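**Q** Below, each chain spelled out in residue letters.
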Amino acid sequence: MEPNTMPSVKRQSGSKLFSTWTNYIFILPIILFMLVFVLFPIVYNITLSLQDVNVYNFKKEHHFAEFENYTNTFKDPVFYTALRNSLVFTVLSLVFQFGIGFALALFFNRKFPGRNLMRSLMLLAWMLPVVITASIFQWMLNGDYGVVNYVLQLLGFINEPHSWLSDNGTSLLSTIIANIWIGIPFNMIILLTGLQGMPEQLYEAARLDGASRLKQFRHITLPLMKPTILILLMLGIINTFKVFDLIFIMTAGGPVNSSNVLPIYAYQLSFLKFEFSQGAAVSMIMFIILIVLAVFYLRMTSKEEAQ
Amino acid sequence: MMQMPFRKTYLLTLVSIIISALFLFPVYWMIKTSLTPITDLFSTPPKFGLLNSTFQAYVDNFLKNQDMLRYIGNSFIVAIGTMILTLLFAVPGAYALARLSVKGKSIIMILLLAIQMLPGITMAMPLFIMFSKVQLIDSYVGLILADMIHALPFAVLILRPAFMALPKGLEEAASIDGCNRFTAFARIMLPLVVPSMMTVAVFCFLFGWGDFVFALTLTTDDSVRPLTLGLYRFIGQYGTEWNNLMAVATIAALPIIIIFVALQRYVVGGIVAGSMKD
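Just so you know, the sequences run in chain order A and B. Just so it is clear: in the first sequence, position 270 is 270 by the working numbering, and no numbers are missing. Positions in the second sequence are counted from 1; adding 1000 to them yields the working numbering.
Please keep in mind that the hints were generated in silico from the structure rather than gathered at the bench. No experiment lies behind these values; they were computed from the predicted model shown. Backbone N, C-alpha and C define an ideal beta-carbon position, used for all residues, glycine too. A portion of the hints provided could be inaccurate.
Stated by the list, open to error - A few chain B residues that don't get close to chain A, going by computed Cβ distances all over 12 Å: (1) Phe1048; (2) Leu1051; (3) Tyr1058; (4) Asp1211.
What the hints assert, rightly or not - In silico lysine to aspartate or glutamate, DMTMM-like type, Cα no more than 25 Å apart, as pairs: (5) A/Lys75 to A/Asp52; (6) B/Lys1047 to A/Asp144; (7) B/Lys1105 to B/Glu1172; (8) B/Lys1133 to A/Glu275; (9) A/Lys273 to B/Asp1222; (10) A/Lys273 to A/Glu66; (11) A/Lys226 to A/Glu200; (12) B/Lys1133 to A/Asp52; (13) B/Lys1047 to B/Asp1060; (14) A/Lys273 to B/Glu1171; (15) A/Lys111 to A/Asp209; (16) A/Lys273 to B/Asp1221; (17) B/Lys1008 to A/Asp52; (18) B/Lys1064 to B/Asp1040; (19) B/Lys1032 to A/Asp144; (20) B/Lys1047 to A/Glu160; (21) B/Lys1105 to B/Glu1171.
Take these sequences, add in the hints, and give me the full structure.
**A** Quick look at the structure:
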């Protein structure tokens, strides 16, 4: 059943390929791929952001526009709306994903029958294609027949049905709720793995000293979990900041930009208004923000590894 | 008093079932809606049970209307293509980064980590212009290559530690047996990392199957569009026929649910390894 096993064993007479250049044959495909499909597009994006390419002059010669696209971006009020929404989306998503994820991790860290099954079942939310999640939440949050309105009315939280997605005040919130749902299992699994690696003796010693559960959590769990927590949060910030599909499908950034975020703003410029250079500038700004965050992340992982 | 711990653990089980059921309610609601006749869809209060269930929405969308079948086929081609090509590129690369002397290893690793963090939309625009020039718009190859941008770094990050964990001197032992560098890799090393390759395969399939950004930006024609985009366009066209929409969503979720049930341990392993290791 091993597909990689060769059918016959050929003996080689002395001529072993031990020169180091053969090592590069292994790594060449991946390097070529990265050069052609990652580094080249990024460099292309940078040059695009410094030119004046749009749908009208797409096929003609382009002119160097210096930083005009960037200054235009910083003059556009929509940019600031999108930036603010991106921050709100990221912070609120993370706080609740992490908070609820941590609570569930502590719960599932206790030993009881069926805990592995129940824990894994929840992962389904994280694995579903985002388009599906987005359409489910669209239906559940539907203003006329959505089940969320029904339950909230039943519990007395609201008096009449609310159009969650088409109301300026709740459109961003709706996408945040869907995103929290997606992120909870991921946070839970990572934190649970961290918790399960904790030395049991420490807790026994603490119990002998009469430390309460809360004290054990504050003085043992939290300090020991700190590296895991930091990396998880940093990864969460990076992944949440770039969420595009969920918001695009649920609200497309509307109504009137009330749920517009930076990735959608960049998409609108490039693919709806065909202002390619302007879109490239916005996506470079986003890229720079993410690179700064990534540097923090890389530092943390290398520190974690050094320990 | 002696009975307490026993009872308490089952109480915890009960609580965990309630939590999971509440948490997964949206998934239940998707399946339930897909089985609801259109006349019951807009009843107040909504019906929570599965009474009056009908498969009409499935018959209408997958048997009478064949469009969806093409979308499904396209999704499989893109997902499996991403899976195979990623493994072909990543396995030798990860092996070299783990066990062979290659210059610039740390730079390559840092680049791979950084690439994982790129927003899809940042890549979509330059790829769109690049691909228009070489006729890769509206092609499976274009979509697969785009999906590989995120799948490849992930694959290397999972596979490299797996190769590193193998005992030292394996290659030397193989060379004594007459293997050269390539046969040692193929015959000795590869079979030992099959579990990690499974993890990578599962996640690459998930990436390819779930991709939306590249399907949206790099296709203009229905002939290659995957199911994610089919579902999205469906939302726009039949915005109020929620039973039809949810039937399509359920079918789109089905391969994921099957993979999830059958290959769960690879999924859990991949999530942890992919985010915590270097």
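**Q** Against each hint, give a clear statement of whether it holds in the structure.
**A** Hints and how they fare:
With a cut of 12 Å on Cβ distances, B/Phe1048 falls inside the contact zone with chain A, its closest approach being about 8 Å. Listed as outside the interface, B/Leu1051 is consistent with that label: its C-beta sits roughly 16 Å from the nearest C-beta of chain A, beyond the 12 Å cut-off. No beta-carbon of chain A comes within 12 Å of the beta-carbon of B/Tyr1058; the shortest separation is about 16 Å. The non-interface label for B/Asp1211 is inconsistent with chain A: the shortest C-beta to C-beta separation is roughly 8 Å, within 12 Å.
The suggested pairing of A/Lys75 with A/Asp52 holds, with an alpha-carbon distance near 17 Å, which does not exceed 25 Å. This hinted pair checks out: B/Lys1047 and A/Asp144 have alpha carbons roughly 15 Å apart, not beyond 25 Å. In summary, the hint linking B/Lys1105 to B/Glu1172 is supported, as the alpha carbons are separated by about 22 Å, within the 25 Å threshold. As the CA atoms of B/Lys1133 and A/Glu275 are separated by approximately 18 Å, the hinted pair is consistent with the 25 Å bound.
Between the alpha carbons of A/Lys273 and B/Asp1222 the distance comes to roughly 22 Å, so the proposed pair stays at or under 25 Å and holds. Proposed proximity of A/Lys273 and A/Glu66 is supported: the alpha carbons are some 21 Å apart, at most 25 Å. With a C-alpha separation of about 17 Å, the suggested pairing of A/Lys226 with A/Glu200 holds against the 25 Å cut-off. Among the hinted pairs, B/Lys1133 with A/Asp52 is consistent with the structure: their alpha-carbon atoms are about 19 Å apart, no more than 25 Å.
For the suggested pair B/Lys1047 and B/Asp1060, the alpha carbons sit about 22 Å apart, so the restraint of at most 25 Å is met. Simply put, A/Lys273 and B/Glu1171 have alpha-carbon atoms about 56 Å apart, too far for the 25 Å limit, and the pair is violated. Between A/Lys111 and A/Asp209 the alpha-carbon distance is near 23 Å, which keeps this suggested pair within the 25 Å criterion. Among the hinted pairs, A/Lys273 with B/Asp1221 is consistent with the structure: their alpha-carbon atoms are about 20 Å apart, no more than 25 Å.
At roughly 68 Å between alpha-carbon atoms, B/Lys1008 and A/Asp52 are farther apart than 25 Å, so this suggested pair is violated. Distance restraint check for B/Lys1064 and B/Asp1040: the Cα-Cα separation of roughly 22 Å lies within the 25 Å cut-off, and the hinted pair is therefore satisfied. Annotation: proposed proximity of B/Lys1032 to A/Asp144 holds, straight-line Cα distance about 18 Å (limit 25 Å). Between B/Lys1047 and A/Glu160, the direct Cα distance comes to roughly 19 Å. Compliance with the 25 Å bound is thereby established for this hinted pair.
For the suggested pair B/Lys1105 and B/Glu1171, the alpha carbons sit about 20 Å apart, so the restraint of at most 25 Å is met.
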